[in-house]
Every structure is written in C-alpha cells, then in structure tokens.
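Now for the letters of each chain:
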Amino acid sequence: MKLRLTLPWKHAPLDCEAVMRQLWDYLDNELTPERMEAIREHLAMCARCYPQFDFEREFLANLSRLRLEHSNPKMLRERVVAALQRSGFGEADI
Amino acid sequence: MSSSDPKTLKDRQFVDEALRCLPEVARYALSLARRESDADDLVQETFLRAYTAWPSYEVGTECRGWLFTICRNVFLRSRKHDQRQVACEDAELESLAAAALHASATQSGLGDLFTRIDLAPALERALLDLPETFRDVVTLVDIQDESYAVASEVLEVPVGTIRSRLFRGRRLLQKSLLEYARDAGLARTAGDSFDPEVTT
Numbered sequence: 191m192k193l194r195l196t197l198p199w200k201h202a203p204l205d206c207e208a209v210m211r212q213l214w215d216y217l218d219n220e221l222t223p224e225r226m227e228a229i230r231e232h233l234a235m236c237a238r239c240y241p242q243f244d245f246e247r248e249f250l251a252n253l254s255r256l257r258l259e260h261s262n263p264k265m266l267r268e269r270v271v272a273a274l275q276r277s278g279f280g281e282a283d284i
Numbered sequence: 785m786s787s788s789d790p791k792t793l794k795d796r797q798f799v800d801e802a803l804r805c806l807p808e809v810a811r812y813a814l815s816l817a818r819r820e821s822d823a824d825d826l827v828q829e830t831f832l833r834a835y836t837a838w839p840s841y842e843v844g845t846e847c848r849g850w851l852f853t854i855c856r857n858v859f860l861r862s863r864k865h866d867q868r869q870v871a872c873e874d875a876e877l878e879s880l881a882a883a884a885l886h887a888s889a890t891q892s893g894l895g896d897l898f899t900r901i902d903l904a905p906a907l908e909r910a911l912l913d914l915p916e917t918f919r920d921v922v923t924l925v926d927i928q929d930e931s932y933a934v935a936s937e938v939l940e941v942p943v944g945t946i947r948s949r950l951f952r953g954r955r956l957l958q959k960s961l962l963e964y965a966r967d968a969g970l971a972r973t974a975g976d977s978f979d980p981e982v983t984t
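Chains Y and B supply the protein sequences, listed in that same order.
The opening residue of the first sequence carries number 191 in my numbering; numbering runs sequentially from there.
The opening residue of the second sequence carries number 785 in my numbering; numbering runs sequentially from there.
Calculated from the structure, these hints are not laboratory results.
Check before you lean on any hint, since a few could be wrong.
If you want the footprint, here are the derived chain B segments under chain Y, 3+ residues with CB under 8 Å [unchecked claim]: (1) 801-808; (2) 841-847; (3) 896-904; (4) 912-921.
Where a beta carbon is used, it is the ideal one built from N, C-alpha and C, also for glycine.
All chains, please: the whole structure from these sequences, using the hints.
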C-alpha cells in the first residue's frame, strides 16, 4: 500500500519498505531525531505497517520482562567486599 | 595510613567507580547466568579481577562497560563455549525477514501472540537455545536495555555487527515462539513454516 498524502511534510515521506528496514532501529531509539519523527508519522497513518510495529513492540516488551533483579543486593555487596578484603582491599572507607 | 597513600587512593577510586556499578553488574550477571547463586559467583569473580586489573584501568573512563566485559569473559570461561558458527551480516535484510515472519504469523492467527499468553517460560528456553553470538547481544540490548554503542564496546565488535546479530537473534527468538505456539495448538493452521526467505 502506498501512502498518498497531501500534507505539507517537513521532510520526504517514507515508503513502507523503508520503514520496515528501520523498524527495529526505531524501536531501539537508535535513529536521528528527524528519522524517528518521519517513521512515527508514517506509523501513525499506515494501516499496513502499524500492526507489524505493534507486534515487534510487544515482542520486545516480553523480552525486557526477562530482566531479573537481585533478591538481596546488600548481601551481595557485603560478599563482594569481603572477597575483595581477602585480596588486600579495605583501607578505604566503604 | 594517610588518605593520600597510593593504596588508599586506589581503593577509594575503586569504590567510587567500580563498586558503584555493582547493582548493574549484578543485573547483567543475572541476565547471563539466569540463576542467582551462579550470578553471585560471577559478580564476585568480576570484582576480584577488576580489582587486580585496577592499575591498568584509566580512571574516569567507562567503568561499567569495562566491568561488563570482564563479567562476560568470566561467564564464558565458566562454561563450555558455544561453537556454532553463524553467518549474518545484513541488518536491514533481517528487518525485512522479520516483516515476512510477522505476515506469516498473522496468516496463522498468531498476530497477537505476544499479548495473548504468558510467553516468559518459552522465551527463557528460546533464549538459552540461541547461539551465543546472538544471545550476547540480545541480553545486553533487549534485557539490559543498553544502547548499540555500549553493546559494541562490551562485545568488542562494530555497531553494524551488533545490529545484524541483534536483529537475527530477535528473529530466531520469534520463530521459536511461533513454533512453540503452533505446537501448543494456538495457531489457526497447523504445519506452517515460520522461516520466511527474504530477497531484495
């Protein structure tokens, strides 16, 4: 599907393939501000690309939920410091 | 010992720059090891090695990335290396392949898979099955939320390589999840291949 827009663009509109090529860069916020804006505008108006964007965004959200937090960071720090002290560390005020 | 003593100064700098990063290193170690007891060993060994190597560290540079690199190297040495060879160079082709995969998923009634069921156990398994080359990048960027630049520094490869490995890794994970969903009877059609070829 090609976009046929008459809006006054600040920059050349992107076609779907160009958006697909950079969709993950866009989701990772790794593009220039101008390119981010161009893709955002395209996605807001393109019924073909938006479902793919949504699919990838949800996939990445699932992945980020695999991030684990330590259950007892204080104890871990104490363990690390104790091990360091056995290696000669320990004069500094910690 | 006075506070200007070289040893005291070294320890002070180590606290200020390295130990300050302990929570982030712990999170990264957990992402790699996936089990807290293993991650604790990994974190301890990382800081012991960092302390030994501290004289070679340039104070004020990117300490967190340096610690991540040590952590990853310790992790890799602690387990058998994954020797699977991978070929993947074109990040944008990977992006287009992902689009084809999405189309295939939609045709199979799995377009909403990632919001429909709890995929965490399947995703954990798929991540562990991923070749190390891809898992490294996915762990740093998608789980640790690091930028391509930081991943490039930690893994000591160019940003372009980070992109292509990341995108391939994501696509392989998606393919595993879609196959898992199909095997679980969640797809509308059975036996579809989720391995689209993309040509330009």
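Do the hints match the structure? See the list:
With 3 residues having a beta carbon nearer than 8 Å to a beta carbon of chain Y, the stretch 801-808 of chain B meets the requirement of three or more and the stated coverage holds. Look at the stretch 841-847 of chain B against chain Y: 0 of its residues bring a Cβ nearer than 8 Å to a Cβ of that chain, fewer than three, so the hint is violated. Under a criterion of three residues with beta carbons nearer than 8 Å to beta carbons of chain Y, the stated coverage of the stretch 896-904 of chain B is upheld, 4 such residues being counted. Proximity of the stretch 912-921 of chain B to chain Y, defined as three or more residues with a beta carbon under 8 Å from a beta carbon of that chain, is not established by the 0 residues found.
Violated hints, listed in ascending order, are 2, 4; each of the other numbered hints is respected by the structure.
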